[in-house]
Amino acid sequence: MAKVFAVVNQKGGVGKTTTSINLATAFAVVGKSTLMVDLDPQGNSSSGLGIAYAARSPDIYRVLVDNYPITEAIRSTCIPNLSIVPSTIDLSAAELGLAQMESREFVLKNCLLHATGYQYVFVDCPPSLGLLTINALAAAHSVIIPMQCEFFALEGLKHLMKTVNLVKKRLNPSLTIEGILLTMYDRRNNLSEQVEENIREHLRENVYKTVIPRNVRLSEAPSHGKPAIIYDYKCPGKGILELIGEESSGDVDTLTMEAPTRVRVNMLHPGRFQPRRRFDQASIKELAGSIARNGLIQPIIVRKDALGDRYEIIAGERRWRASIAAKLADVPVIIRNVSDSKCLEISVIENIQREDLTVLEEAESYKKLIDEFNHTHESLAAILGRSRSHITNILRILTLPDSVKRMISDRSISFGHARCLLGVENPEELAERILSSGMSVRETEAMVKDLQNHTDVVQATTVRIESFLPGRLDTEVRVRKSGKRLTINFISEEKCEDFFKMLDKL
Numbered sequence: 001m002a003k004v005f006a007v008v009n010q011k012g013g014v015g016k017t018t019t020s021i022n023l024a025t026a027f028a029v030v031g032k033s034t035l036m037v038d039l040d041p042q043g044n045s046s047s048g049l050g051i052a053y054a055a056r057s058p059d060i061y062r063v064l065v066d067n068y069p070i071t072e073a074i075r076s077t078c079i080p081n082l083s084i085v086p087s088t089i090d091l092s093a094a095e096l097g098l099a100q101m102e103s104r105e106f107v108l109k110n111c112l113l114h115a116t117g118y119q120y121v122f123v124d125c126p127p128s129l130g131l132l133t134i135n136a137l138a139a140a141h142s143v144i145i146p147m148q149c150e151f152f153a154l155e156g157l158k159h160l161m162k163t164v165n166l167v168k169k170r171l172n173p174s175l176t177i178e179g180i181l182l183t184m185y186d187r188r189n190n191l192s193e194q195v196e197e198n199i200r201e202h203l204r205e206n207v208y209k210t211v212i213p214r215n216v217r218l219s220e221a222p223s224h225g226k227p228a229i230i231y232d233y234k235c236p237g238k239g240i241l242e243l244i245g246e247e248s249s250g251d252v253d254t255l256t257m258e259a260p261t262r263v264r265v266n267m268l269h270p271g272r273f274q275p276r277r278r279f280d281q282a283s284i285k286e287l288a289g290s291i292a293r294n295g296l297i298q299p300i301i302v303r304k305d306a307l308g309d310r311y312e313i314i315a316g317e318r319r320w321r322a323s324i325a326a327k328l329a330d331v332p333v334i335i336r337n338v339s340d341s342k343c344l345e346i347s348v349i350e351n352i353q354r355e356d357l358t359v360l361e362e363a364e365s366y367k368k369l370i371d372e373f374n375h376t377h378e379s380l381a382a383i384l385g386r387s388r389s390h391i392t393n394i395l396r397i398l399t400l401p402d403s404v405k406r407m408i409s410d411r412s413i414s415f416g417h418a419r420c421l422l423g424v425e426n427p428e429e430l431a432e433r434i435l436s437s438g439m440s441v442r443e444t445e446a447m448v449k450d451l452q453n454h455t456d457v458v459q460a461t462t463v464r465i466e467s468f469l470p471g472r473l474d475t476e477v478r479v480r481k482s483g484k485r486l487t488i489n490f491i492s493e494e495k496c497e498d499f500f501k502m503l504d505k506l
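The sequence shown: position 399 = 399 (the numbering used here), numbered continuously.
Treat the hints as calculated values from the structure; they're not laboratory data.
For each residue, glycine too, the CB sits at the ideal point set by N, CA and C.
Be a bit skeptical, because a hint or two may be false.
Claimed, not checked - DSS-like, lysine-lysine: derived pairs with alpha carbons at most 27 Å apart:
no.: 1; residue 1: K209; residue 2: K367
no.: 2; residue 1: K32; residue 2: K405
no.: 3; residue 1: K327; residue 2: K367
no.: 4; residue 1: K109; residue 2: K169
no.: 5; residue 1: K109; residue 2: K11
no.: 6; residue 1: K327; residue 2: K285
no.: 7; residue 1: K169; residue 2: K11
no.: 8; residue 1: K327; residue 2: K304
no.: 9; residue 1: K162; residue 2: K11
no.: 10; residue 1: K285; residue 2: K342
no.: 11; residue 1: K109; residue 2: K32
no.: 12; residue 1: K449; residue 2: K32
no.: 13; residue 1: K405; residue 2: K368
no.: 14; residue 1: K368; residue 2: K304
no.: 15; residue 1: K11; residue 2: K304
Claimed, not checked - Derived Cβ-Cβ restraints for the label pairs, each shown as a range:
no.: 16; residue 1: T392; residue 2: L451; range: 46 to 56 Å
no.: 17; residue 1: A325; residue 2: S436; range: 33 to 43 Å
no.: 18; residue 1: T176; residue 2: R396; range: 35 to 45 Å
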């Protein structure tokens with residue numbers, strides 16, 4: 001029996017359809033037979049997979065309301081292993097028809113029983129908590145909740161979780177929350193960091209590590225009738241491949257559907273250009289358990305090493321480590337003949353797409369691409385799907401003191417915190433204060449602003465002192481802020497006596 005995922009959020013414009021399309025595609029391209037059900041009257045999933053409006057009859061409305069066999073509504077797509085039950089505007093009237101039926105909450109579930117031969121089913125739900133969404137939740141094994149990184153989204157999440165729990169209690173006891181996926185994440189925007197921080201603090205393990213950044217390619221892809229991971233393999237939004245459960249690398253080689261070669265696991269070794277230096281052992285152990293049960297689904301991308309008798313890993317070192325822990329004898333690989341520059345580029349892209357790199361590792365990777373392979377900020381922005389300003393701001397992190405960079409590296413402070421420390425005096429002292437006080441990014445910004453205002457006042461006072469006192473004392477006066485000293489140079493003992501007499505009169 002297929003595992004059914006309901007992709008749900010009653011708020012519109014949060015990335016439900018993009019998530020559904022690209023997740024379903026990700027499963028399909030690694031050989032899993034996958035069915036999509038477009039349960040949104042807008043029919044965006046159908047359009048995004050290239051199903052013309054005129055070719056959508058019979059659609060999901062006919063299946064639910066008019067009792068058409070679901071097998072007659074299933075359409076093949078241009079992606080092998082991926083089919084879809086399309087939707088039209090007629091579906092907007094479906095809830096009226098469903099309301100008159102017996103067991104109205106289970107109509108979709110009963111229909112899906114006849115859609116045999118699929119390993120996974122993804123249901124793209126409408127932006128509401130009406131009867132269509134209730135049908136999806138009653139039919140699903142798991143719920144995926146795409147959530148935009150903004151504060152209004154937090155309010156809607158509370159109502160959605162209440163609905164999911166109600167369905168679990170009354171209609172579908174086996175329903176679980178697969179995960180909450182943060183979408184439209186903008187690392188240049190402190191608001192995104194604040195929202196992520198709040199969500200992870202309150203929902204913890206329910207939130208995916210993967211976040212989907214804002215990217216124009218995600219918006220362009222549907223107009224071409226293709227998922228983003230097919231339309232543009234460099235698109236950062238395709239970090240969604242991680243949600244398959246084995247944290248797929250998501251590079252273009254997998255999407256070509258080329259048959260992998262099996263190689264003994266001890267014939268592989270870590271790549272020279274892997275930017276990630278730390279691997280979380282707990283997550284590798286968890287992944288090893290999944291691989292032991294299901295095998296390694298996503299091939300590892302490799303190239304022959306300099307000696308030609310072993311293979312250097314380009315993308316997939318984490319999966320290789322987990323495969324060793326799972327005691328696999330061999331693993332599927334795709335062998336590529338690529339240059340050092342391309343190898344580093346792929347490794348950086350792979351890690352950035354999953355947000356696995358620390359900011360410092362990301363900055364050092366950018367610097368290596370610039371210093372060793374003659375890239376510019378502009379060319380990196382184009383290759384990595386980032387803005388030029390993002391590349392520049394990340395590189396500025398390397399100018400911070402080593403002690404602060406160590407805090408960034410071990411994730412004691414975030415990129416938002418680090419960005420506040422750029423250009424300030426004593427960043428080490430401020431970083432320690434952030435750490436000891438547990439300051440949020442917003443609190444750090446306020447602290448730095450107050451310090452800068454204080455510095456402006458001190459500088460103005462210094463100017464007044466150095467311009468006023470020399471005229472009164474007829475001598476040179478200097479303020480040394482670093483040593484906290486006021487230095488008055490006297491040209492004679494007589495001038496010094498005059499100064500003390502002046503003090504006596506105060």
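Hints and how they fare:
1. K209 / K367: 25 Å, holds
2. K32 / K405: 42 Å, violated
3. K327 / K367: At roughly 37 Å apart (the allowed maximum being 27 Å), K367 and K327 break the hint.
4. K109 / K169: The given pair, whose Cα atoms are some 17 Å apart, holds under the 27 Å limit.
5. K109 / K11: 24 Å, holds
6. K327 / K285: 12 Å, holds
7. K169 / K11: 23 Å, holds
8. K327 / K304: 23 Å, holds
9. K162 / K11: 15 Å, holds
10. K285 / K342: Between K285 and K342 the Cα gap is close to 30 Å, so the pair fails against 27 Å, i.e. violated.
11. K109 / K32: This hinted pair holds, its Cα atoms lying about 21 Å apart.
12. K449 / K32: Violated, at roughly 53 Å.
13. K405 / K368: It holds: about 17 Å lies between the C-alpha atoms, which stays within 27 Å.
14. K368 / K304: Since the Cα atoms of K368 and K304 sit roughly 22 Å apart, the hinted pair holds (cutoff 27 Å).
15. K11 / K304: At roughly 48 Å apart (the allowed maximum being 27 Å), K304 and K11 break the hint.
16. T392 / L451: 46 to 56 Å: 24 Å, violated
17. A325 / S436: 33 to 43 Å: 37 Å, holds
18. T176 / R396: 35 to 45 Å: The hint (35 to 45 Å, Cβ to Cβ) holds, given that T176 and R396 are roughly 43 Å apart.
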